[in-house]
Amino acid sequence: MRIRTALASATVAVVAAGGGVAVGATLEDDDRLAAPASRSVATDRVAVSNASLRPAQDCDALLGSYVERGLDLVTAYGWGGGPIYTLDTTGGATMAAERATGSPGLPSTVRSNSSETGTNVQEIGVDEPDVVKVAGDLLLRISDDAMRAYDVGGEVPALLSTLGLVDLHDAEVLLSGDRAVVVGNLGSRHRPTGARVVVVDVADPAAPQVVEQVDFSGTLSAARLHGGVVRVVLDSGLPDLDFRHPHGRLTENGALSFNQQLVRGTTLADWLPTSGGELAVDCAAVALPQVETTLGTTTVLTLEPALLDRSASAVATSAATTYFSTDRLYLTTSASSFGWWGSPTIDCIDVCGPGTDDGSTELFAFALDGTETTFVAAGSVDGIVRDRWSMDFADGALRLALGPTRRTGNFSSVVTMRESDATLTEVGRVDKLGVNEEIKSVRWFDDLALVVTFRQVDPLYAVDLSDPAAPELLGELKIPGFSEYLHPLGERRLIGVGQSTTGRGGVVGAQAALFDVTDLTSPQQLDVVKFAKGTTADAGLDPRQFTWLPDRRTALTVVSKGWVGRTGWVSVLSLAGGKMSNRMVEVEYGDEVAQVRLVPLADGRVVLVTGDAVSFFDV
Numbered sequence: 077m078r079i080r081t082a083l084a085s086a087t088v089a090v091v092a093a094g095g096g097v098a099v100g101a102t103l104e105d106d107d108r109l110a111a112p113a114s115r116s117v118a119t120d121r122v123a124v125s126n127a128s129l130r131p132a133q134d135c136d137a138l139l140g141s142y143v144e145r146g147l148d149l150v151t152a153y154g155w156g157g158g159p160i161y162t163l164d165t166t167g168g169a170t171m172a173a174e175r176a177t178g179s180p181g182l183p184s185t186v187r188s189n190s191s192e193t194g195t196n197v198q199e200i201g202v203d204e205p206d207v208v209k210v211a212g213d214l215l216l217r218i219s220d221d222a223m224r225a226y227d228v229g230g231e232v233p234a235l236l237s238t239l240g241l242v243d244l245h246d247a248e249v250l251l252s253g254d255r256a257v258v259v260g261n262l263g264s265r266h267r268p269t270g271a272r273v274v275v276v277d278v279a280d281p282a283a284p285q286v287v288e289q290v291d292f293s294g295t296l297s298a299a300r301l302h303g304g305v306v307r308v309v310l311d312s313g314l315p316d317l318d319f320r321h322p323h324g325r326l327t328e329n330g331a332l333s334f335n336q337q338l339v340r341g342t343t344l345a346d347w348l349p350t351s352g353g354e355l356a357v358d359c360a361a362v363a364l365p366q367v368e369t370t371l372g373t374t375t376v377l378t379l380e381p382a383l384l385d386r387s388a389s390a391v392a393t394s395a396a397t398t399y400f401s402t403d404r405l406y407l408t409t410s411a412s413s414f415g416w417w418g419s420p421t422i423d424c425i426d427v428c429g430p431g432t433d434d435g436s437t438e439l440f441a442f443a444l445d446g447t448e449t450t451f452v453a454a455g456s457v458d459g460i461v462r463d464r465w466s467m468d469f470a471d472g473a474l475r476l477a478l479g480p481t482r483r484t485g486n487f488s489s490v491v492t493m494r495e496s497d498a499t500l501t502e503v504g505r506v507d508k509l510g511v512n513e514e515i516k517s518v519r520w521f522d523d524l525a526l527v528v529t530f531r532q533v534d535p536l537y538a539v540d541l542s543d544p545a546a547p548e549l550l551g552e553l554k555i556p557g558f559s560e561y562l563h564p565l566g567e568r569r570l571i572g573v574g575q576s577t578t579g580r581g582g583v584v585g586a587q588a589a590l591f592d593v594t595d596l597t598s599p600q601q602l603d604v605v606k607f608a609k610g611t612t613a614d615a616g617l618d619p620r621q622f623t624w625l626p627d628r629r630t631a632l633t634v635v636s637k638g639w640v641g642r643t644g645w646v647s648v649l650s651l652a653g654g655k656m657s658n659r660m661v662e663v664e665y666g667d668e669v670a671q672v673r674l675v676p677l678a679d680g681r682v683v684l685v686t687g688d689a690v691s692f693f694d695v
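According to our numbering, the sequence shown is numbered sequentially starting from 77.
Hints are computed from structural coordinates only; laboratory data are not their basis. Predicted, not measured: the structure shown is a model, and the values here were computed from it. One or more hints might be untrue.
What the hints assert, rightly or not - No more than 30 Å apart at the CA atoms, straight line, and that leaves these computed lysine-lysine pairs for DSSO-like:
#, residue 1, residue 2
1, K609, K637
2, K554, K637
3, K655, K606
4, K655, K637
5, K655, K609
6, K554, K606
7, K637, K508
8, K554, K508
9, K637, K606
10, K554, K609
To be verified - Between beta-carbon pairs, the in silico distance windows are:
#, residue 1, residue 2, range
11, K508, L326, 48 to 58 Å
12, T269, L383, 35 to 45 Å
13, K606, N329, 51 to 61 Å
14, T343, N658, 52 to 62 Å
15, Q366, S237, 31 to 41 Å
16, V232, L383, 28 to 38 Å
17, L235, G485, 54 to 64 Å
18, E548, L317, 19 to 29 Å
19, V242, T343, 23 to 33 Å
20, V287, L235, 42 to 52 Å
21, K508, T327, 29 to 39 Å
22, F692, A137, 23 to 33 Å
23, K606, E502, 51 to 61 Å
24, V604, L147, 47 to 57 Å
Positions of the beta carbon are idealized from the N, C-alpha and C atoms, including for glycine.
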């Protein structure tokens, strides 16, 4: 059984969204991650195999394309009226098999455990950055502008070293062999000015050594580690120009003319990510979309931590959502759910420029092979991709959970697509999931999708994907409340953490629900634990705050209450006989509740990491 969770080891790739996706161009070691404007970063052109994208012929043509599209977007008030700010969501879980007891011939869930680095991730084999990583007796922790190394092999965790991370905000770390890769943003948390990638040799954790540090003008959007390659996604955004607005004697036409002239005067350094004042990707490695799509650049840089080998490429569109499997990268532009229930959650954490929203989502598919990133297909689908958890790739098929837009009905759908002649083509769908409701969570398996929608009650839908051309709704369960994160415990059990609600849909507090999914045609809720009024199940916002201990049949999840004067607890949920017992342990306060992690070790112990401490947790 395949279900996702990530773990990898040894190479770093950086992807920049809002700018372009870097694909397949190799940099020499002396070039670092930036190239002088007067010479090429690489000799290879971007690998393109579809008429929907074409490589830039030269730097003049590339700049001309950006300027032409920018002139269509600029107004008397700036970029389409101004920037839009959104947040990134991360997290996931690891999956393993459990003995089947369900109906023969039907798909099933499988158990999900933490990855070897201790992080719950979306895809097996694709590790994600976190504030904590473990490898054997070594634990790395990011906090207070520093990376601290601990020995967790003894009776108590022992601090080995502290490495300062000056000016780095929201930093997280990936661990690949003896190299740690720290990624984060520069500037303020709410207004980042750039991104930084730091490669640290931790062969001697008592004396870590920085072997490379590179700053970019773009901001961090995502990072992944697979097969020894780290891919980091950066958002370059639209150029920050000194636009004028109509006022006084400056008319609207006058302001528009002035702003258009500013766009005409831009350089490639305004559109592409830079490092050290130089372009971080060569013009020949930038692909230009041949369909109408959001203006920007998404750049992919690839660095091998052990060797410091790099490659770079880009696509000239702004990615709303970035999804990685072990061998595919998908970028989506953002459709809007305006008119239904607010804006979507997307994988952009800086400035997402206004796009050409017509209620459909553009999709760009890239094949991943080592350090190579090759564009293989593009397509479009009506509806909105809420976040990366709404996407999955399995057995050659892209599976999407789509919310409603003005191009769809008032329901959600599960859609399957395949690459055909370099085009993403729809091959199957199930419609009318959650009529007049919004998607709250999705979980994918080999041949199965579990989708939770919500407005007043919480329908849990089970969709059979064994035939991508004919997906089929197997069953549904409607209960009060909703699950924001689903964690499979095996082929019979599933935990959902989210919020309890009133009969009219008002949120009351956090809850954890235990489901029986033995018979997917008739899933059942076995038990529910309701937490105090006003509490939040934080794993719904960040699944890295959920840990499943299969040997103990115990789930650990973070529950908090309040914004000012916030308190965080660890909920210890013990399962037996189809029931859950709960024990609450108060562990943290304030903003640092978001940093709480519960990391299982190979010897069976669990490390509790809070904002300012590392200790063993008494399960």
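These are the hints, each one checked on the structure:
{"no.": "1", "hint": "K609 - K637", "result": "9 Å, holds"}
{"no.": "2", "hint": "K554 - K637", "result": "27 Å, holds"}
{"no.": "3", "hint": "K655 - K606", "result": "13 Å, holds"}
{"no.": "4", "hint": "K655 - K637", "result": "25 Å, holds"}
{"no.": "5", "hint": "K655 - K609", "result": "22 Å, holds"}
{"no.": "6", "hint": "K554 - K606", "result": "17 Å, holds"}
{"no.": "7", "hint": "K637 - K508", "result": "35 Å, violated"}
{"no.": "8", "hint": "K554 - K508", "result": "15 Å, holds"}
{"no.": "9", "hint": "K637 - K606", "result": "13 Å, holds"}
{"no.": "10", "hint": "K554 - K609", "result": "22 Å, holds"}
{"no.": "11", "hint": "K508 - L326: 48 to 58 Å", "result": "52 Å, holds"}
{"no.": "12", "hint": "T269 - L383: 35 to 45 Å", "result": "30 Å, violated"}
{"no.": "13", "hint": "K606 - N329: 51 to 61 Å", "result": "60 Å, holds"}
{"no.": "14", "hint": "T343 - N658: 52 to 62 Å", "result": "59 Å, holds"}
{"no.": "15", "hint": "Q366 - S237: 31 to 41 Å", "result": "51 Å, violated"}
{"no.": "16", "hint": "V232 - L383: 28 to 38 Å", "result": "37 Å, holds"}
{"no.": "17", "hint": "L235 - G485: 54 to 64 Å", "result": "57 Å, holds"}
{"no.": "18", "hint": "E548 - L317: 19 to 29 Å", "result": "51 Å, violated"}
{"no.": "19", "hint": "V242 - T343: 23 to 33 Å", "result": "29 Å, holds"}
{"no.": "20", "hint": "V287 - L235: 42 to 52 Å", "result": "22 Å, violated"}
{"no.": "21", "hint": "K508 - T327: 29 to 39 Å", "result": "50 Å, violated"}
{"no.": "22", "hint": "F692 - A137: 23 to 33 Å", "result": "60 Å, violated"}
{"no.": "23", "hint": "K606 - E502: 51 to 61 Å", "result": "40 Å, violated"}
{"no.": "24", "hint": "V604 - L147: 47 to 57 Å", "result": "56 Å, holds"}
The structure shown violates the earlier hints numbered 7, 12, 15, 18, 20, 21, 22 and 23.
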